[in-house]
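Following the hints, complete the assembly by docking chain B onto the known chain A.
Read off the chains here:
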Amino acid sequence: MSEGTLVQAMADGRTMIIRSFRLSLRNVDGLITALALPIMLMLMFVYLFGGAIRTDGHYVDYVVPGVLLVCVGFGAATTAVSVTADLTSGVIDRFRSMDVRGEALINGHVAASVARNLLSSLLVIAVAFAIGFRPHADLAHWLGAIGILALFVLALTWFAAAIGVAVRSAEAANGVTFLVAFLPYASSAFVPIHTMPTWLQSFARNQPVTAVVDAIRGLLLGGPIAASAWRAAAWSLAVIVASAALARVLFARRTS
Amino acid sequence: MSDFAIEVAGLCKSYGPHAVLDRIDLGVTRGSVFALLGPNGAGKTTMVRILATLTGLESGTALVAGWDVVAQRHEVRRRISLTGQYAALDGLQTGAENLRMMGRLLHLPARQARARATELLERFDLVQAGERRVAGYSGGMRRRLDLAASLLRRPEVMFLDEPTTGLDLRSRQAMWQIVSELAASGVTVFLTTQYLEEADQLADRVAIIDGGRLVADGTPDELKQQIGGRRLDIELADAANYAEVIAYLGERATHTDVERLTVGVAVNGNAPEVRSLLDELDPHRQRISRFAVHAASLDDVFLSLTGHRAPERETASV
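Residue numbers (numbering that gives the first Met the number 0), protein chains in the order written: chain A, 0 to 255; chain B, 0 to 317.
Excised from the complex, chain A in its bound form:
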């Protein structure tokens, strides 16, 4: 790629990011769902189930990292729907006939998803504080937790984007939401893993959500960090690389 085309590709990327931000902000239903659902979920866990679930310390402290993951899982999965919507509408033909690269289009959606999810995470944390969440973390630990979460958001978003390129309808893309939203339940997000049946324990212990939740929990509430943090980062990076490559191949195949 020559310098001129690189500059143009970056300019296209920026234009597409602005587009995706604008579309996100104007999709009022989607935005409200993305912001309200995680908070409802947190209130439900803390006040409805919280009494029945036994953990060390306050359940609200235990559950906030889990709620954060459900929240970003749901938020990132909607990227699949946005990508599919673009690819099944006439707008993709115009972009292609104007020689806009597929990467620019997808990068726009990815950037908007990361921004949306960080915003809704912030909201969840704010409400969590209001209902008694009391982490004991210094600035470095907070930054670490945010970093791990952001990396995982990026991974889920890229995964969703790849699915969005692969499927043919918005309904199918919507299915990803369920898959991604289910993963936290079979992890240490809401209940300690040792309370699960044995066969589920090995899955729950080795899936990415557990690594991410444990890392965030360790960073915010104290406890072991290193092992889970590395695993969380490795999972996220692997998913990002694989999904981005898959999205690229599928995009090229779909639009040839």
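Calculated directly from the structure, the hints in this document are not laboratory data. One thing to keep in mind: the hints can contain errors.
For the chain A half of the interface with chain B, some residues (derived, Cβ under 10 Å), not all of them [what the hints assert, rightly or not]: (1) M15; (2) R25; (3) V90; (4) I91; (5) R93; (6) E102; (7) V113; (8) R247; (9) V248.
Computed spacing ranges between beta-carbons, pair by pair [unchecked claim]: (10) Q127/B x N26/A: 33 to 41 Å; (11) G174/A x G135/B: 44 to 52 Å; (12) D28/A x W175/B: 35 to 43 Å; (13) V6/A x T60/B: 28 to 36 Å; (14) S1/B x I145/A: 58 to 66 Å; (15) G135/B x A35/A: 25 to 33 Å; (16) H17/B x A171/A: 23 to 31 Å.
Keep in mind that this is a model prediction, so the values were computed, not measured. From the three backbone atoms N, C-alpha and C, an ideal C-beta is built for every residue, glycine too.
The following block gives chain B in isolation, referenced to the frame of chain A:
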């Protein structure tokens, strides 16, 4: 520089066992308006998509503005614009925002993209609508905005895929006006249409496509000449005679109108031919009550070449 803005030779494309385009050859002169006319499913959209670099071809070659649509597609894309059948715009952005975004994607500087957007909104009578979201636009407004987006940068070749399908009479006429102005300014226009009237009105040259094959190519007048240039309409005395004559003529009948009991046959218009045809059909001088000879329409050409009638406008009269 070649005289042709578009040159296609031996182009084939199939989806599975189904041939969508079969050995197509055509040339479009620079600065002319070319109409590809055909019924639904004839291969028109596939043709446009291949020429606009959106779909690959199987064999043959296609050059647009002198560049190969496959090997040099990036060069082609810098010189064309495409307005598809479905308005390619973001419903959640306003008209002005859509145009500015497209302008930026064409790498116009921000200031210029804004200026161009304003100018085009004025030109296409969308100044007030420009600040509203496209989701609330009527079909005609969307098409106009779509066309405006195609003109942010002056294209060498402009592709319009069924630009007036689904539009009401007023919007359609506005669209025709715009296309004529573009052609007058020297842009090569390649349009597809199902409507003969549209091809006749706009195009310098018309190709008729049916089942993936080009069945005719020429100026509207040449095509009309090809089938004799004139049509003899005979009005039969009653329904029984009408049915008999239709059965007798078979493929030769290029026009039938059961309500008026009228059958049309392509002729060149000279008296001996007409006289002998009348005698052939009505040796006892009882069947035919009236006849008339008039210039053939593209409709006749279409029917005689494809064996089926061109579709009627859903909004035929206003």
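For each hint, the structure was consulted:
1. M15: holds, 8 Å
2. R25: Hint on R25/A: holds, closest Cβ of chain B at ~4 Å, below 10 Å.
3. V90: Interface hint status for V90/A: holds (5 Å vs cutoff 10 Å).
4. I91: Because about 8 Å separates I91/A from the closest Cβ in chain B, which is inside the 10 Å limit, the hint holds.
5. R93: holds, 4 Å
6. E102: Not OK, violated: E102/A not within 10 Å of chain B, min 13 Å.
7. V113: violated, 20 Å
8. R247: violated, 18 Å
9. V248: violated, 16 Å
10. Q127/B x N26/A: 33 to 41 Å: About 25 Å separates the Cβ atoms of Q127/B and N26/A, which means 33 to 41 Å is violated.
11. G174/A x G135/B: 44 to 52 Å: With a Cβ separation near 31 Å, G174/A and G135/B fall outside 44 to 52 Å, so the hint is violated.
12. D28/A x W175/B: 35 to 43 Å: holds, 40 Å
13. V6/A x T60/B: 28 to 36 Å: Given range 28 to 36 Å: holds, Cβ gap about 33 Å.
14. S1/B x I145/A: 58 to 66 Å: holds, 60 Å
15. G135/B x A35/A: 25 to 33 Å: holds, 26 Å
16. H17/B x A171/A: 23 to 31 Å: holds, 25 Å
When each numbered hint is compared with the structure, violations occur for hints 6, 7, 8, 9, 10, 11.
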